[in-house]
Structure formats: structure tokens, C-alpha cells
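Chemist: Given only the sequences and the hints, what does the whole structure look like? Please build it.
For the sequence shown, counting from 1, position 394 maps to 399 in the working numbering; every step adds exactly one.
FYI, nobody ran anything at the bench for these hints, they're computed from the structure.
Backbone N, C-alpha and C fix where the C-beta goes; we use that ideal spot for every residue, glycine too.
Errors might be hidden in some of the hints.
Said to hold, decoys possible - Derived DSS-like pairs (lysine-lysine); straight-line CA-CA distance at most 30 Å: (1) K240 - K301; (2) K377 - K354; (3) K240 - K299; (4) K111 - K29; (5) K28 - K110; (6) K301 - K354; (7) K106 - K29; (8) K29 - K240; (9) K301 - K320; (10) K218 - K287; (11) K320 - K354; (12) K299 - K320.
To be verified - Label-pair distances were calculated between CB atoms; the ranges are: (13) W324 - M241: 12 to 20 Å; (14) K348 - K111: 38 to 46 Å; (15) A256 - D327: 37 to 45 Å; (16) D384 - P357: 36 to 44 Å; (17) E223 - N394: 54 to 62 Å; (18) K110 - E328: 24 to 32 Å; (19) S234 - D327: 42 to 50 Å; (20) N211 - D383: 37 to 45 Å; (21) A375 - I215: 28 to 36 Å; (22) E221 - K111: 24 to 32 Å; (23) D383 - E328: 36 to 44 Å.
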Amino acid sequence: ASAPQVRALCFERRGSMSAPNGKKIPVTILTGFLGSGKTTLLNHILSSPSHGMRFAIIENEFGEVGVDEKVIKETSDEQVIEVMNGCICCTVRGDLAVALKRMQKKVSGFDGVIIETTGLADPAPVAQTFFVDDEVSAFYSLDGIITVVDAKHVLDHLHEEKPEGVENECVEQVAFADRVLLNKCDLVSENTLEEVQQAIRAINANADIIRTKYGEVEPSRLINIQSFSLENVLKMDPEFLNTDGDHQHDATVSSVSVRFEGELNHQQLRAWLSDLMLEQAKDLFRYKGVLAVKGKEEKFVYQGVHMILSGSFDKRFTWGPDEVRECRLVFIGRNLDREMLEKGVMECKVGPLRFAVGDAVEVNADEWLAGKVVAVWDDGHPYRIRLDNGMEGLAPVDSDDFVRRPGGGAEGAERKSIPSWDPSGEASTMAPAPMSD
6 ASAPQVRALC FERRGSMSAP NGKKIPVTIL TGFLGSGKTT LLNHILSSPS HGMRFAIIEN
66 EFGEVGVDEK VIKETSDEQV IEVMNGCICC TVRGDLAVAL KRMQKKVSGF DGVIIETTGL
126 ADPAPVAQTF FVDDEVSAFY SLDGIITVVD AKHVLDHLHE EKPEGVENEC VEQVAFADRV
186 LLNKCDLVSE NTLEEVQQAI RAINANADII RTKYGEVEPS RLINIQSFSL ENVLKMDPEF
246 LNTDGDHQHD ATVSSVSVRF EGELNHQQLR AWLSDLMLEQ AKDLFRYKGV LAVKGKEEKF
306 VYQGVHMILS GSFDKRFTWG PDEVRECRLV FIGRNLDREM LEKGVMECKV GPLRFAVGDA
366 VEVNADEWLA GKVVAVWDDG HPYRIRLDNG MEGLAPVDSD DFVRRPGGGA EGAERKSIPS
426 WDPSGEASTM APAPMSD
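Modeler: Pasting the structure below:
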């Protein structure tokens, strides 16, 4: 696991700590296993016009490089954002209290604080902070614990056998929930949803279960619900207030982060991720990134869970004129090979192209067809090529699989394709396309 860091983006605390006008600031803990949809839900809450409230955000990421914070900062207006890298329930547990105290002056006029934990966090030590630290409990009140559940994968995680002494984080997240958001309901059948709900009820019979997809739910059902009960928690876990407890992670689970200044070919990355998924999908709990793509002003945001992967350019996220174009990628899973993952990503980094505008080339479209490069880095693609027959096409990757020098190889060629970032979309190939105006 990575070394914990805290980066504060708020004012320093001054003077003694007390609640404004005697009213405590309500805090919502947003938890759920890796890839369940926590950040999607958080962005939905922040962008919803229905509540008219302002929140401070504490964003916790397991890896040493933050990805979700980049997205949250660009979708939230006038929010205070505190970023904590490391496990919030153990390695940076004490830093949570420090962060809450430091934010006190800034958040006194806010309607609440939302803490999004890493997907590997046990929510109990996080909730404990609001009862064992006198300064924190004087200013904040724990409003509720919201657990987001991935309907497609949660049963595997709930039933996973852990080494002796290691907690099943997914079970703990469900057990301490005041509300369970059953997310991604569109990906499974009604029978599976019923089975998932029965499994949740067996762990936590009291939590309300809300079905949803894409994290779309009325925020009033999750925020300011005053549902956390210390009395009920102590009945379930009499040792809840014991600060000497130790949370032990599965030592085989780790994170690998890659961050570099520069740009990346997202089509080449998609092809590499496709091979990675085929080989290691079961052990890839979560992988995500925010990318600078050559030839595009919009940022490319992608995320994956096991065999499910999607990504797109989003007009809400554009590179500013003074912003350093960079790529951030994070992989979380079991028995990850850091060297292999870093090498695979860096091979997708944009370098010098082999061909220039005006060069004669051949492209792979079931057969090798002659053409000429008419543009480079067109809409995120290395080449736009006009064929001798008058058609045009975009080469997704600068390699001999898609485009080569005239007479550069055998006549026969297997047509190459790259899976679409959109699960419902078509694969990307070097197929001829109508000539552009």
C-alpha cells in the first residue's frame, strides 16, 4: 500500500472549537466496496439542484495518486475539498480528526460534510472519530452512513473468504450502513437483485435499501437523515468505542498508481486494458484514470471493475490554458505486478509519430490499401489518411498493425480492431470512412 499523505485545501483553524450557534455540522460517511459507484453518487449529490445546500468534501483514496479528486473538483462549485491518500480507517485515521478540526472555520456556514472513504475502508473506525474525540464531537454530528453496493459483483465480495484475522471490508460496510444504495441494478436480473437484498438483510436487517442505477437518487433520502444511532451500533458491536482495535487489510491487495506529465493514446490504452482484463479480471477490483489525450481539449475519464470498463471525453472537464496536461491512472487489486502495469501504461504515452502530413502509407482494411496522411492527431487519433480511392479513415494507433510504409510487409493481413470504450459501441478499426468536408 502507499504511504499516507494529506493535502489540505482549506483554511487553518484559529481559536477554540465550538459548533456555530450551538448547532453541530452534520456529517455523512459515504462508503462501499471498490467500483460500487461512490464518486458517481457524490457527483450526483453535488450537482443536484434540488437541495440548494453546500457541502465540504473529504475525499479518501487508497493509492498514492488521486483520480476522483480531479473529477470532483471540476463538478463542484465553492466546495471545500480535503484529500487524504491512504486508508482512512488505519494509516491516516488520526489525520481525519486533524482535517475536521482544520476545516472548522471554513465549514461553519456549510450545510454538511461528506466523507467518501476508499473502497477498502472499514467504516467503523471512521464513525468512531465522532464519539471519541471531544473537539470533533463538539462541532460535528454523525448524520448517517451510506453504503453503495454494486449489484453485479457484491455477492462475490460478501462471500469471499479472507485470511485469518483479516476483516471482509464489504461485509463491514453493509453491517454499519444506515442506508444501502443498491446500485447498477440495470446490469442484473430481478432474481439476482432479490438474492442480493436477502444477503444484505442477513447482515443488516435495519438499513433501508434503495435501488438505483448510475447513483441517481434524490439527495434528501441520503443527506440530513439523522439516522445514525450509537445505541444500535453498540448493540451490534460492543467494542465500537474501543480505540485500541486494529484494522488489518488483506496483504495481497494493493494499489499501483501511474502519473506523468504528457499525453496518452487512449485507443492504445484501451487495447492494452482489454488484454489485461482477459488475463486478470478476477483480481482487478478497480482501475480508473483521468487522461490528457493528444489532439483533444476535453479530459478523458475512464473507470473499470473486473470485466466492466467504460470511458469517454466529457465536455465538463477541459484542460485549462495554464493547466499542466498530465495522466493519472490507478489500479487496485490482488497480486498486482507493478512493473508490468507501469510498463503497459507508459507504452501508451504519446511519442514522435513515424509519418508526417503528405507521407504515402498503406492502411489495414482487410487488405492493404494505398493512401496519404492528410492530418496528424485528429480527434485523438494519430493519423487521418486519405486513400487513393477517395475515402478517408482514422488510424487509432501508430503501429504496423494499422498503418505502414508502402510495401512494408506481406500482402495478406488480419484486420485489427480495438474494443470500444463504450460497452455498447463498435470496435475501432482502420476501416475507410467518408471523406470529411
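Chemist: For which of the previously enumerated hints does the structure constitute a violation, in increasing order of number?
Modeler: 1, 3, 13, 16, 20, 21 and 23
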